[in-house]
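> Residues per chain, in single letters:
2 protein chains.
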Amino acid sequence: MYPDISLTDLHQTMETAWEAFLSFRKTSPAQRAALLRRIAHKLEHSGDELIRMAMQETHLPEGRLKNERGRTCFQLTSYADACEQGIWLEARIDTALPERVPPRPDIRKMNTALGPVVVFGASNFPFAYSTAGGDTATALAAGCPVIVKAHPAHPETSAFVAQLISEAVAETNMPSGVFQHVFGASFEVGKALVMHPYTKAVGFTGSFSGGKQLYDWAQQRPEPIPVFSEMGSTNPVFILPEKLAVQSDWLAEQLAGSITLGVGQFCTNPGLIITTESEGLDAFLQALSTRIRAVQPSPMLHAGISQAYQLHREKGLSQPGVSLLSTADQAPANGEGQPTIAVVSGATFLANPQLHKEVFGPYSLVIRCADQAQMNEVALSLDGQLTCSLMATEADLQAHTKLTDIVSIKCGRLNVNTVPTGVEVCWSMQHGGPFPATTDSRFGSVGPDAIRRFVRPISYQNVPQTFLPDELKDSNPLKIPRVENGRLA
Amino acid sequence: MYPDISLTDLHQTMETAWEAFLSFRKTSPAQRAALLRRIAHKLEHSGDELIRMAMQETHLPEGRLKNERGRTCFQLTSYADACEQGIWLEARIDTALPERVPPRPDIRKMNTALGPVVVFGASNFPFAYSTAGGDTATALAAGCPVIVKAHPAHPETSAFVAQLISEAVAETNMPSGVFQHVFGASFEVGKALVMHPYTKAVGFTGSFSGGKQLYDWAQQRPEPIPVFSEMGSTNPVFILPEKLAVQSDWLAEQLAGSITLGVGQFCTNPGLIITTESEGLDAFLQALSTRIRAVQPSPMLHAGISQAYQLHREKGLSQPGVSLLSTADQAPANGEGQPTIAVVSGATFLANPQLHKEVFGPYSLVIRCADQAQMNEVALSLDGQLTCSLMATEADLQAHTKLTDIVSIKCGRLNVNTVPTGVEVCWSMQHGGPFPATTDSRFGSVGPDAIRRFVRPISYQNVPQTFLPDELKDSNPLKIPRVENGRLA
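For the record, the sequence lines run as chains H and D. If you're matching positions, the first sequence starts at 76 in our numbering and goes up one per residue. If you're matching positions, the second sequence starts at 76 in our numbering and goes up one per residue.
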């Protein structure tokens with residue numbers, strides 16, 4: 076129904092994107108903001124047909140999809156605002172010093188678009204991290220044309236949203252090459268998109284193997300390009316002893332909810348729960364168990380994901396020293412994900428790298444550490460993470476400064492007494508983290524700072540006012556913040 | 076005299092750096108600024124011995140070296156100021172919205188140090204891009220320990236400066252692992268430094284082959300890391316027709332000076348001069364020729380560089396269609412670089428990739444384009460550049476908007492009526508550019524923004540005030556600029 080794009084058509088697509096780039100890069104932030112707002116408006120009014128289509132393709136419930144569509148519209152408008160506000164432009168002006176020996180010329184700098192950006196949509200967020208999602212919105216805000224490769228798990232939803240975006244592009248008088256949508260279930264299409272000389276950056280959300288492959292291709296190009304793969308994370312949650320003693324029920328409720336939210340199909344799903352042997356532990360495990368048993372299994376996104384979940388869940392449970400704590404009482408139907416909690420000792424976890432791997436789905440492994448020193452060792456042994464969470468009283472935090480130090484080196488977001496799921500769209504959000512959570516810890520994929528992934532600085536030395544971009548003219552017609560002669564103005 | 080470090084000692088060096096990182100990353104910007112100022116102070120008062128040593132090792136003249144040392148001190152103090160000013164921290168605060176459904180937690184974000192940084196010094200800047208140079212200064216400002224591999228062409232100068240830095244580290248009560256200095260002329264040492272798991276970023280200034288090799292190693296690690304290689308550039312200078320007609324003498328003077336400055340051993344040396352056939356061209360070429368003939372050949376940095384220059388110069392001159400315009404009248408002594416201007420037609424340049432390559436030294440190739448269209452074609456055919464320059468009247472700029480568009484996609488710095496040599500240390504400077512000028516066009520190696528190469532963002536969600544870094548506390552004790560609830564405060 077949606078055949079892969081041919082390599083000839085793909086080349087034509089990239090030519091069209093490049094041609095569009097030559098004019099799109101020179102549009103004003105206000106023009107690009109208008110485009111983003113137009114897309115948001117159309118998406119907001121896209122009606123029930125789109126939701127029904129997405130429900131059918133993703134098995135996600137109506138309420139969740141409606142919320143996610145709303146979130147996607149919020150992202151688009153909030154990035155539109157940030158685009159105009161212009162912090163991301165990082166404008167800097169140093170005026171001439173003709174009397175200095177040697178004289179200093181007038182120099183001005185701002186960020187400028189990198190070029191066409193290829194976006195690989197995520198299966199688990201058909202709206203917010205797919206066709207009109209965060210990567211598309213921030214690339215457009217930066218002035219980069221976007222080529223979306225539809226996720227093969229929701230092609231109709233993707234095509235529907237793509238149509239809305241193309242209409243918005245036309246209605247705001249942008250060249251049609253500003254946004255293009257292609258299909259490609261094969262390896263070859265993905266590779267050809269990443270390797271094409273006109274591709275200047277790549278956005279991806281998905282598995283480690285997929286994201287790392289795109290990264291490796293991009294580095295093998297004659298001209299390497301940035302790849303922002305947001306891959307995976309076990310999002311360890313450390314429960315400290317006093318907190319465990321005083322709030323085991325609350326912890327069980329929060330964690331059971333977070334582990335099973337969206338059938339565990341979030342990149343911030345808490346896959347590891349790390350505790351020390353202490354008096355509250357048994358009560359906590361019992362409370363967690365009770366809550367997990369009561370969860371209704373639900374259908375996962377698609378057959379590939381539910382089969383992978385089953386496989387990795389069984390692999391996890393069959394490791395020596397791992398025992399099952401609890402599963403949902405109700406047996407899962409075909410394609411459903413079975414909520415599951417396993418338990419292992421700290422020593423066993425440290426000795427078995429397999430247990431460090433993400434199990435994508437409603438699965439979490441409780442690690443019982445002998446003591447605080449072993450908990451620190453476990454923390455040290457972890458890979459880079461999107462998030463780490465500490466469940467802790469203030470006294471716990473005082474008593475565990477070494478642990479806090481370790482996890483702050485490991486993660487992009489450090490939570491205290493909040494579960495990792497739920498990613499706010501705001502300036503202060505870092506959705507990213509040290510490898511292998513992402514391929515570039517210096518950037519994140521949520522919040523206005525994500526625009527900066529798709530730009531590079533350019534300096535103008537001794538360029539007459541008339542020929543400077545508006546962003547850098549003396550009169551500051553766009554009213555953006557600028558560092559002028561060393562001071563933030 | 077300076078044997079390569081053993082792999083065992085190298086591993087110990089990296090262990091020491093990592094240990095230092097754990098405390099250095101938590102020092103305040105003021106503490107790190109004090110360290111940078113201490114280094115600057117010691118370097119400023121390092122006396123004539125250091126200059127004599129550098130003269131002997133690099134063959135650079137006394138005046139140049141004294142200036143470069145002054146520039147290096149200026150870099151250190153200006154990055155110290157920027158470190159405290161805190162724009163690079165990119166602090167963002169979104170306060171809790173408990174009434175919202177769902178409630179928003181308090182979230183705060185700032186930049187934090189990446190980890191130990193390996194710096195490969197440059198041969199052509201024994202001070203400003205070497206041991207205490209821009210990479211070292213910005214990495215220290217960011218909170219990253221630095222391991223400098225001495226450039227084999229000036230080991231004594233490097234060791235002398237390293238000793239000053241180590242003293243400054245001790246005097247400001249930092250752990251000694253904050254700065255370490257190693258020797259290694261072999262391939263293996265460079266590779267082991269880049270591949271070591273505790274290395275989190277690399278700074279390099281030098282040749283394409285060297286910089287690209289470091290980049291490739293870094294990408295082949297289990298955990299890829301950022302490599303900032305500033306490699307090479309032909310820094311094309313476009314002379315537009317009206318400017319040529321009215322100011323051929325001034326152009327010849329400016330260009331002859333820029334081409335031969337420092338025996339052409341600058342990364343911003345103008346290696347291509349691109350003109351169209353027009354009435355002023357012959358007068359310009361004659362004026363340029365006269366000035367080049369009068370230049371005294373001078374010794375190059377070391378035997379390797381002067382041999383490479385001779386080789387690449389001859390290779391350039393022997394290409395079909397290339398003719399010699401002029402050389403310095405005085406024949407070069409052994410080890411000296413012979414100032415040389417060659418000429419070629421636009422069509423020949425377009426057809427021969429060899430002519431696009433940098434010839435490191437006082438060599439420039441004049442490209443005579445048939446017309447404006449061919450000049451655009453030549454511009455389009457160029458690799459990514461550190462700089463492009465337009466020599467142009469306002470009427471020329473009006474008549475060449477397409478050319479301006481092309482070069483603004485190709486370069487990190489666009490000059491009008493200034494030669495590319497001379498890199499100001501200021502906020503507005505972008506010293507970097509699209510590949511192959513550098514391996515990461517999103518960053519530059521000069522100016523306070525260069526600190527940002529060595530940091531990544533971290534978010535703190537729902538973290539109590541006491542446990543937040545000072546940068547993010549409500550009271551803003553460091554008085555840094557922050558985006559608070561979406562507004563720059």
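Just so you know, not all the hints are guaranteed correct.
Which copy is meant is left open, so a pair is good if it fits within one copy or across any two.
Said to hold, decoys possible - Here are the simulated SDA-like cross-link-like pairs (lysine to any residue), alpha carbons at most 25 Å apart as the crow flies: (1) 477 x 87; (2) 287 x 273; (3) 485 x 187; (4) 554 x 263; (5) 117 x 400.
Simulated from the structure, these hints should not be mistaken for lab results.
> Hint numbers the structure violates, sorted upward?
When the structure is compared with the hints, numbers 4, 5 turn out to be violated.
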